[in-house]
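Participant: Here's the letter readout for the chains.
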Amino acid sequence: MWGRGAGRLIRLSIPLRQALARLSLPVLIAAAFGTMLLGKADAMLAERARIALADALAPFYAAFAEPARAVRDAAEDLQRLLVLREENARLREENEHLRRWQAAALSLEAENAMLRRQLDFVPERAPAFHTARVVADGGGVYARAVLLSVPPEIQVRRGQIALDERGFAGRVTEVGSRSARVLLATDMNSRIPVTLEGSRVRAMLVGTNGARPRLQHWSEGGRPAEGERVVTSAEGVSFPAGLPVGVVRWTEGGVAEVELFARTDRLDVVRLFDFGLGGILPPEAVARPEPRPRR
Amino acid sequence: MVGRPEPSPGLLRRLDDIARAAFPASSTALLMVLAAGPSGVPGLVPAAALPCIIFWSVFRPGAMPPPAVFLLGLLQDLLTMAPLGTGVVTLLVAHGMAVAWRRFLVRQSFMFVWLAFCAFSAGTALLGWLLTALLAWNLPAPAPALHQAALSAGLYPAFAFVLSRIHGVMRRAEDAP
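Taken in sequence, the protein lines are chains A and B.
Letter by letter, the first sequence follows residues 5 to 299 in our numbering.
Letter by letter, the second sequence follows residues 66 to 242 in our numbering.
If we strip away everything but chain B, and leave its shape as in the complex, we get (with noise of 0.2 Å):
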């Protein structure tokens, strides 16, 4: 993937790219659209999208590129009734951050990484309070946004757990000739 020398690629191999490539992004989306089916949480979709693009924008940046991110926020703006723009701008600052601090992280032990990650959710929710405050000017009821952080700080090792079995897989399959 990155820049071995192949002759040429047989179109199965290509095709593996792809999908390997693409499967963050995707799987984040599906995920983000099964979250606002009707479940009876609130603020799923939200608590469902930041500990994936987390964890891929920390483990993975590659296959997580901005445009993809900005692409999920708009997604989760329209998926929830938050105000068009907020979850983009969010979204992309963890990403941004994520991605920043990423050779720090990844050397790190998981405990480390969660609270790493409750730091992140925790900010992202305070940043979409703060623009969703300024957007209706006025003070929303900081409930829902505290819920949100917690919901997803809580649902992240779940997340992790799978995310990170199926980067482990990934990266053997690369490994191999």
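Chain A with its partners taken away, still in its complex shape (with noise of 0.2 Å):
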């Protein structure tokens, strides 16, 4: 091209013209290893260049990418549908086998209601909620108390039960008209009854206005494990069993604390649960008349 170029200009004599034309590769390979030379004499050199030709190119690749994602996904697709066969099967064998189980489930079931029929079993009902916005975090006696916004039309009652949606959060302590205040579990002044899941060993939770409350008073021999789930007990007919309260995390100083489920350093939603339980009522007492009967 650019040897046609110049000889069209300049009328060059045709051995002349075929000369150069020999001449050319040589030439271009030394300046070649002068590149080279002048890349590795100096190196931001190449950096500059490579730069100035990826700004150069980016639009280019952007306007590319677009199709060559779809390219990519249609390969994707291809090979997906390569594999499609062998997963059929595997999920077809899966399926048989499911519905083994389903069947054992079913035939389960039937039994079990056979069973209690046998026995004369009084079912547990299910427990009536209440769903409350926290509208104040602090303030009251406690340091780690919420005040729940609660419409007048619903009835609240110490002692009730607060749980976000994760796990136990707190108990009841002051019921207003439009108000009531819940004592979280990580209160200096919360106590609360607990069993270990997996060991069945009782304990007490004891807050110490920190995140994570502690572990306290467990029996005998049954030091809980590191991770073990925490529920509550039922002892002191205060509390329900089995609302999950949270995992014990051994600290490096060796004390028992308890990870709660519930998040109550971000509580904005609590469900109030009336067990219908009484037992030991949170401090200070009647402030006003029970709107319930106990149990």
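Note that these hints are calculated values from the structure, not bench results.
Heads up, a few of these hints could be off.
To be verified - Each pair of labels, with its calculated beta carbon distance range:
1. Trp202(B) to Ala34(A): 20 to 26 Å
2. Pro63(A) to Phe88(B): 54 to 60 Å
3. Pro19(A) to Pro207(B): 42 to 48 Å
4. Gly188(B) to Ala47(A): 50 to 56 Å
Just so you know, these numbers come straight off a predicted model, no measurement behind them.
C-beta atoms are modelled at their ideal positions from N, C-alpha and C, and glycine is treated no differently.
With the hints in hand, could you dock these two chains into one complex?
Facilitator: Take a look at the structure:
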């Protein structure tokens, strides 16, 4: 292209042009070695040139990104289609397996129903609950407590249990006509009877005003294991058994603490359960008459 | 194209000629840029550049002059992370050898040309490896060079299939009155 253009401009004689054409390759190879030395001598030069080229090509790649992704997706789809057969066979097998389990479950359910009829078993009724919004943190007598906004048509009792969407949060201690205060499990005054779910060992959950309440007074030989689940215990008739509380965490100092499931530091909505339990009510005795008789 | 007496070539005709003359180098550059995209295959840029350059050097050397090879080599060095200049030297040497043997290669069957190309790609990879070793003054791992040689040798038939179709179309267009 070059030689021809030059030849057209300056009328060179044919032998000269041939000689030039023959010379161009060695000259260019020499220039290439020169480029190599230049790149070796000034490493920044190559970097700058690369960056300039990348800058120039960036819009081009951006324009190609979409079709390239389509092609890649199509290739992935193809691969997925190839393994589809295998997966289908596996799923069919698994389905068969699950069907057997379903049959087992149905027969067990039927057997269970039959046995319950024999025993005249009274099922636990599903606990009633109201959902209330947390309107203020802290305040009042306790360091770790939240104030709930409760509509007047909803009856709230002291001793009701507050759970957030994950687990146990606290107990209602004070009730007003439009509000209620919940003492959280993390407060220093909170004492909650708990059971270690695996070993069935009873213990007390003692608040410290910190994020993790401590576990104390477990029975001899029933050392809580790290990561063991902690649920409420029905001892003291204040709580129903089996509400999820948290998991055991041992500190480096050798103190058993419980990492609560409930996020007590950022409660926004809690559910107030009425299990109909009286038991030991939180301190600060009757402020107003109980709206509902005890069972 | 080769000095055919034409009284007054029309504008379209001239554009056609220019496009035909510029196609090999520009399509090679485009392919290299595409190969440098995020394809996930390492060493794709040199493996795409070499088959195109050898093919056009053998079958249409007029459209792949040494300066174009020089620029393509520079593009390859900038697109890859190879030391600046190694791609230029290797591609120019490969181009020179292909042009020197083209009269012999053009007459051979496809299989033979492919075999010759395998030798070219191995030689190019070896030369590139040597130059890199010389510039860095220690021996780089030979695996990437082998991978690149194998990749470009394996890609050659696909490139040759498409490029020979295009070459045939160009020749027919030139032979048409």
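Participant: Hint by hint, say whether it matches the structure.
Facilitator: The hints, checked one at a time:
no., hint, in the structure
1, Trp202(B) to Ala34(A): 20 to 26 Å, "22 Å, holds"
2, Pro63(A) to Phe88(B): 54 to 60 Å, "23 Å, violated"
3, Pro19(A) to Pro207(B): 42 to 48 Å, "45 Å, holds"
4, Gly188(B) to Ala47(A): 50 to 56 Å, "28 Å, violated"
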